[in-house]
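The listed protein sequences derive, respectively, from chains A and B.
So the first sequence is numbered by the working numbering: it starts at 1 and just counts up by one.
So the second sequence is numbered by the working numbering: it starts at 291 and just counts up by one.
Check before you lean on any hint, since a few could be wrong.
[Stated by the list, open to error] Among chain B residues calculated to face chain A with C-beta under 10 Å, some are:
#, residue
1, Ser383
2, Phe397
3, Asn400
4, Asp556
[What the hints assert, rightly or not] Cut-off 20 Å, straight-line C-alpha distance, at most; resulting in silico cross-link-like pairs (DMTMM-like, lysine to aspartate or glutamate):
#, chain 1, residue 1, chain 2, residue 2
5, A, Lys84, A, Asp168
6, A, Lys121, A, Asp209
7, A, Lys82, A, Asp178
8, B, Lys381, A, Asp288
9, B, Lys381, A, Asp167
10, A, Lys82, A, Glu169
[Unchecked claim] Covered stretches of chain A, as calculated for chain B (at least 3 residues, CB under 8 Å):
#, stretch
11, 89-100
12, 254-267
Everything labelled a hint here was simulated from the structure, so no lab data went into it.
We put the CB at the ideal spot given by N, CA and C, even for glycine.
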Amino acid sequence: MIEAYLIHLAILIAIYIVLAVSLDLALGYTGLLNLGHVAFFGIGAYTSALLTKSGVPFPIAFIAAGLLASVFGALLVWATRKLKGDYLALATMGFSFVVYSVLLNWTSLTRGPLGIPGITKPSIFGMAISANWQYLIFAGIVAVIVVLFSRRLVSSPFGRLMQAVRDDELGLKVLGKDTFKIKAKAMMISAAMAGIAGSLFAHYITYIDPSSFYLNDIILLLTIIIVGGIASVKGAVMGTIVILLIPEALRFVALPGSILGPVRQMIYSLVLILILLYRPRGLFGKVDLS
Amino acid sequence: MAILAQLTANGIIAGSIYALVACGFSLIFTTTRFIHFAHGVAVAAGAYLLLALFSSLHLPFIVAVVGTLILSAALGVLMHRGIYVPLQNRKASSVVLLISSLGILIFGENLIQLLFGANVRTIGYLPASRGMDIIGAIITPLQLTIIIISIILLALLFVLMYKTNVGRNLRAVADNKELAAIIGINHRKVTTIAFALGTMLAGVAGILIGLEQNLEPTMGTRLMLKGFTGAVVGGVSSVPASILGSYILGLVENFGIWYLPSGYKDAIAFVLLFLFLLVKPAGLFGKDKGVKG
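This is chain A alone, in the form it adopts within the complex:
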């Protein structure tokens, strides 16, 4: 019983690590104040769920989830190319609301608020991943690949360019670099990872509806990467583990389900406010959010 529960928790942590690390690539490393990351998560989840429902094999749906999210990432950077600071933050958040309302209203495709039930567990080249421990291995491998890739990326020459965009965009332009291209690439990588996380989420939970991709999850993601400290892959990983485990302590006081949900959200948002007040660089952060 407790074992099953720990496996469940570990799977969620693996999925959110992918999501948090990917957000940090855009928000922390490149300085793109993206408050709409959850939209890519949703796009990935729906793409993967709908494709497998119509008979597409899981590996293709999984890749398509990343690709489509990535395309939207490029579009978002292009659409918001003239915005900075607050307005970029608001516009990206606005983007996630638009995606949310499309998921909610395009009922012929997404069934709207009813959501999509019965999403199949994945099978990769004839190998079915049906038990949760198998899913944990699968999600764990994806998370490890994403983390290793991100660590390589941020210390690569391109990673240094990403950070230069964040620190001194004008200076980089003077040096003749196309900063728009760097931002677009960074956002596409970030969005693709979030799309993949969406696919992992959809096929694990097996039911998705638009409410999973709204404000509550934006707050959760922001709390994770701000607690971890922005512009730190290690921070994003540790932030995910810490933030997802904190509310689990409530399990031991046996609160009823109707109380557990709001209390969990209150903890997330309270931690977010407190960390901004008292330790704005989080656990491992190297730069300030500006």
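Since the structure of chain A is already known, use the hints to place chain B on it.
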């Protein structure tokens, strides 16, 4: 013809509520220069405070309303002094303030859900009444009251802003913080007044909605997004522009569902918000200044 009148009426009713949310929000934004999303908490708090004071504690209605307004203003000051001022003292950027305000919004929404439950509640002060026929549109007396109260309050706000010392100070800080400080205007005091006043207006919006519709914990977030959209459409950097934008949003939403299913109402607002932020961040009537980026 009747449908045209009805849609216009519905648009104005919705617009009146959005305007009350937007003008308080914009008042706070112009003096403090950051996006205070937690304004939505104040709207929901207004409705739920009235529910608690009137329906649960059985206070007389007027007492409950006055109590709600005072507590709303206190909530605004608490948010300002308890969270934003310490953050500003740390030289936090406006994005950090924006994110913390989202944190407060979600915290407040869930606190309300914890205290009052996730189910819809009703205040039940007024019995459901038959609507009156005004040039083909059916409007209930309460809806008419909402429109009238909003217009009176908005007019009072204008008088306050343009005819009193408090208003002059508010406008001075909005116009140029440094210059206002040089001529001896206490910035902390003025922003506190803006928060108290703006949040009280949000409380009024909450009360009016609480009387007309059901209460649910997420109502604050929903109305905040509408009020914010209205403010952006009109121009966040000016209170009158935000008010006009809110009426426009109310009308556009309601005329939009002439063509689209009614579920699209929120989608229309979100798309408008996104497009305005991208294409015309200063809004239709806003001054360009105050818009960064």
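Hint check results:
1. Ser383: holds, 4 Å
2. Phe397: Constraint on Phe397 of chain B satisfied, holds at 4 Å.
3. Asn400: holds, 4 Å
4. Asp556: holds, 6 Å
5. A:Lys84 / A:Asp168: holds, 13 Å
6. A:Lys121 / A:Asp209: Holds, at about 17 Å.
7. A:Lys82 / A:Asp178: Answer holds: Lys82 of chain A to Asp178 of chain A is near 14 Å, not above 20 Å.
8. B:Lys381 / A:Asp288: holds, 11 Å
9. B:Lys381 / A:Asp167: Judged against 20 Å, a Cα distance of about 18 Å means the pair holds.
10. A:Lys82 / A:Glu169: holds, 13 Å
11. 89-100: It holds: at least three residues are needed, and the stretch 89-100 of chain A offers 8 whose Cβ sits within less than 8 Å of chain B.
12. 254-267: holds (count 7)
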